[in-house]
Amino acid sequence: MQKLINVIALLSGLVSLSVLGGGVYLYKNADVLMEDARKKVTAAAVEGVKTALPKLVDSAMPKIPEATGPSIPTGPITTGPNIPL
-17 MQKLINVIAL LSGLVSLSVL GGGVYLYKNA DVLMEDARKK VTAAAVEGVK
33 TALPKLVDSA MPKIPEATGP SIPTGPITTG PNIPL
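The sequence shown lines up with residues -17 to 67 when you count with the numbering used here.
Calculated from the structure, these hints are not laboratory results. Incorrect hints may appear among the rest.
Claimed, not checked - Using 25 Å as the maximum straight-line C-alpha spacing, the simulated BS3-like pairs for lysine-lysine come out as follows: (1) Lys45 - Lys32; (2) Lys37 - Lys22; (3) Lys32 - Lys22; (4) Lys10 - Lys22; (5) Lys21 - Lys32; (6) Lys10 - Lys21.
Produce the entire structure from the sequences given, and follow the hints as far as they go.
Have a look at this one:
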(Lines of atoms letter the chains of each structure in order from A and count residues from 1; the text may use other names and numbers.)
(Lines give C-alpha, C1' and ligand atoms only; values in the text may rest on other atoms or scores of the structure.)
Protein backbone atom coordinates (compact mmCIF):
# COMPACT_ATOMS: atom_id res chain seq x y z
CA MET A 1 0.00 0.00 0.00
CA GLN A 2 2.86 2.36 0.83
CA LYS A 3 4.41 1.69 -2.61
CA LEU A 4 1.16 2.71 -4.35
CA ILE A 5 0.99 5.93 -2.34
CA ASN A 6 4.62 6.68 -3.19
CA VAL A 7 3.97 6.12 -6.92
CA ILE A 8 0.92 8.39 -6.81
CA ALA A 9 2.90 11.07 -4.97
CA LEU A 10 5.76 10.81 -7.48
CA LEU A 11 3.37 11.08 -10.43
CA SER A 12 1.61 14.02 -8.80
CA GLY A 13 4.94 15.78 -8.33
CA LEU A 14 5.91 15.15 -11.97
CA VAL A 15 2.60 16.54 -13.21
CA SER A 16 2.99 19.62 -11.02
CA LEU A 17 6.55 20.21 -12.27
CA SER A 18 5.51 19.79 -15.90
CA VAL A 19 2.64 22.28 -15.48
CA LEU A 20 5.02 24.71 -13.81
CA GLY A 21 7.63 24.22 -16.54
CA GLY A 22 5.03 24.71 -19.27
CA GLY A 23 3.83 27.90 -17.62
CA VAL A 24 7.36 29.28 -17.39
CA TYR A 25 8.01 28.37 -21.04
CA LEU A 26 4.82 30.14 -22.17
CA TYR A 27 5.60 33.17 -20.02
CA LYS A 28 9.10 33.49 -21.46
CA ASN A 29 8.08 32.89 -25.10
CA ALA A 30 4.64 34.49 -25.20
CA ASP A 31 5.69 37.35 -27.50
CA VAL A 32 7.37 35.04 -29.99
CA LEU A 33 4.47 32.58 -29.99
CA MET A 34 1.86 35.32 -30.44
CA GLU A 35 3.81 36.97 -33.27
CA ASP A 36 4.21 33.63 -35.04
CA ALA A 37 0.49 32.91 -34.71
CA ARG A 38 -0.35 36.44 -35.90
CA LYS A 39 1.80 35.96 -39.02
CA LYS A 40 0.17 32.62 -39.80
CA VAL A 41 -3.35 34.00 -39.37
CA THR A 42 -2.53 37.10 -41.40
CA ALA A 43 -1.05 35.02 -44.22
CA ALA A 44 -4.10 32.76 -44.26
CA ALA A 45 -6.47 35.73 -44.20
CA VAL A 46 -4.64 37.43 -47.07
CA GLU A 47 -4.78 34.27 -49.16
CA GLY A 48 -8.49 33.90 -48.43
CA VAL A 49 -9.17 37.49 -49.45
CA LYS A 50 -7.10 37.09 -52.62
CA THR A 51 -9.21 34.16 -53.73
CA ALA A 52 -12.61 35.45 -52.57
CA LEU A 53 -12.39 39.13 -53.56
CA PRO A 54 -12.54 38.76 -57.36
CA LYS A 55 -15.66 36.59 -57.09
CA LEU A 56 -17.32 39.06 -54.71
CA VAL A 57 -16.52 42.05 -56.92
CA ASP A 58 -17.77 40.28 -60.05
CA SER A 59 -21.03 39.31 -58.39
CA ALA A 60 -21.56 42.81 -56.95
CA MET A 61 -21.06 44.66 -60.24
CA PRO A 62 -24.30 45.56 -61.99
CA LYS A 63 -24.80 44.51 -65.59
CA ILE A 64 -24.01 47.41 -67.89
CA PRO A 65 -26.82 47.95 -70.39
CA GLU A 66 -25.93 47.74 -74.06
CA ALA A 67 -28.34 50.52 -75.07
CA THR A 68 -29.88 53.35 -73.09
CA GLY A 69 -32.64 55.83 -73.72
CA PRO A 70 -32.14 59.39 -74.93
CA SER A 71 -30.29 61.73 -72.61
CA ILE A 72 -32.83 64.58 -73.12
CA PRO A 73 -36.56 63.87 -72.83
CA THR A 74 -38.30 64.32 -76.18
CA GLY A 75 -41.93 64.65 -75.03
CA PRO A 76 -43.83 67.76 -73.98
CA ILE A 77 -42.42 69.45 -70.90
CA THR A 78 -44.85 69.65 -68.02
CA THR A 79 -43.97 71.54 -64.90
CA GLY A 80 -47.21 71.12 -63.02
CA PRO A 81 -50.00 73.58 -62.26
CA ASN A 82 -49.28 77.29 -61.96
CA ILE A 83 -49.17 78.61 -58.42
CA PRO A 84 -50.86 82.00 -58.09
CA LEU A 85 -48.72 84.63 -56.42
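Going through the numbered hints above, which ones does this structure break? Give me the numbers in ascending order.
none
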